[in-house]
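J.: Given the sequences, and given the hints that come with them, work out the whole structure.
Listed in order, the protein sequences are those of chains A and S. Final position of the first sequence in the working numbering is 415; the numbers increase by one with none missing. Final position of the second sequence in the working numbering is 749; the numbers increase by one with none missing.
Each hint can be trusted.
Residues on chain A that point at chain S, a partial pick, calculated with CB under 10 angstroms:
id	residue
1	A312
2	T371
3	F386
In silico DSBU-like cross-links for lysine-lysine, where the CA-CA straight-line distance does not exceed 30 angstroms:
id	chain 1	residue 1	chain 2	residue 2
4	S	K327	A	K333
5	A	K333	S	K331
6	S	K331	S	K299
Hint data in this document are derived by calculation from the structure and do not stem from the laboratory. A quick note: this is a predicted structure, and the numbers were derived from the prediction, not measured. Cβ atoms here follow ideal geometry from the backbone N, Cα and C, with glycine treated the same way.
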Amino acid sequence: MVYNYIFIGLLLLVATAFAAGPLVLVALLAPKRKSKNKNEFYECGVITVGESWVRFRMQYYLYAILFVLFDIETVFLYPWAVSYGGLGFFALVEMVIFIVMLLIGLAYAWARGALRWQ
Amino acid sequence: MAHFDLLTKNDFTPILAQRMFYEQVDTVLWIRWGLYLFAGFFAVFPLIVAYIVLAERKIAARFQDRIGPNRVGPFGLLQPFADFIKLIIKESIVPKGANSFVHILAPILTLISAFLVLAVIPFGIGLAPVDLPSGLLYMVSVSSIAALSIFLAGWSSRNKYSLLGAMRGVAQLVSYEIPQVMSILPVILWSGSLSLVSIVQTQQYDQGWFLFSPPGILGFLLLLISSIAEVNRAPFDLPEAESEIIAGFHTEYSGMRFGLFFLGEYLNVFAICCLSTTLFLGGGSLPLQGYFADEADHMLVAPFDASKQSVLKLNAHHEFPENPSTGFRINITNIVGETQAFQVSHRVGNDLVLMANRPVEFKADAYSRVSAAARPSYAAPWHLSNLIMIPVFLGKVFFLVFVIFWIRATLPRVRVDRLMSFAWKTMVPLAIANIFVATIWFEMVIRPVGGFSARLLAWLVTGLLTAGAVALVFRINRNSYQANDPERRPTLISRSGDSLLAATTRGL
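T.: Here you go:
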């Protein structure tokens, strides 16, 4: 079934062309008039104070870490779910142990307030 | 009963496999792919999406007691084209100091991710552009490109509002991706496959819609809610909340670049509705078709043999490395290139006997380890059944699209702290609980191939468990749903640490 990925590759090209096509049309048809005020950042008419590329808050990293944790869990869960029909009860027990370990992690993050948006 | 002996290992030489690879990538396949790419992805899907946009404007207008666009063409039907021309001839402004390459790349990525998701959706029999054996995994991974495009857009604009929108967007998308991918797990468990074609066939010929079970209902709701959050639709449209951060991550986008974001968003809405339909609403199958599979075979897919049941004999010793036994599921690839899963009914020595209550046009391997073989005579008028399946599929999809518009017209935007806690404290625990309830459903109904009474009992048991899980999770969270000050809310996990759970973990 490797040849299916040839289609995916072609689709990637077609999708890029589909998205880039209108942009090419814009480059040909649309006006290009630069002006100092027009190219300012949009901030309701007020001039931006300080640097725009500000730092992220710590909160976002906590969510990112949790996301990685649970996403990897899902990576393990998918093949488990596919082959569960052939594996039976023992596979279920193993998965319960695995998920409970992660749930302890979630409960810990919850209890420490990592999930609280501040 | 008809008996079919499949190829043994001696027939299946590498040379044969190689020839079959080239046979399958033949002229017909290239024509099919060309049709999908240039008719489907270049014309039909964009057209559908253009009219979904118009439909939303019309429907939203109805909800707000307005008329909606009705000037361009009859009933405003040419409005999408007028919008397109307007967007084409507008100037695309890149703010000074912005990263212009990334600025252009972001909307393109949005569209690419939506297109790639649509590549594995089976719109009818033999009408999935490609049937990947790991289709669902592929789908999950390409749909998460959307988070990247939102962040690139917000960051490259060099605008504080854009960056705020991007941060919110990434946090939201990342949080709701977990319940989204977990809510799909019951489907994988029940169909024993990651291929979307196989999932639809399991529902169509074998088990009925996955929606018709308590864990199925919960899974469907979780999938729908988290999908709405994934595509930034109301009430989860915080990354572009206009009352707080102008237009969020696309504040600095104008003209066609904004148009691409817009198109990408609606294409994503269409894609998630296709996905929910495929996974839980049985794709193009009729509601109760799966329960009457034998009759349905005659109705929708003409069998190539008069018998309703086919028995396949496979040589277990030769073809399967891990010695499969009863209950083991084997994927069979048919003439159209679709893979369907079959359950092993029993073993006779080294022969596996597979039960199938539908025509089988063969042959296969366990979990696609060996590539497919055998080009059987093909006699079923599956084209005709597509005349029913495609409208049924699109009907379900457009109903879900309407539900999403309806939700947008009804619910106000949620607050950012509630948005995040809803994902982590309500959706994730429910999705995890749902996996176990789905396992119980599997053991009660699917593995023993239960009849009506088994289903009824399983409905009772899993229904109670699902209701219990929902009640428990909502009880734990009950305070966070109330409209009081988040700082003074007494919760299980209060910040001052007065709860049992907090007290236990404080020392850690």
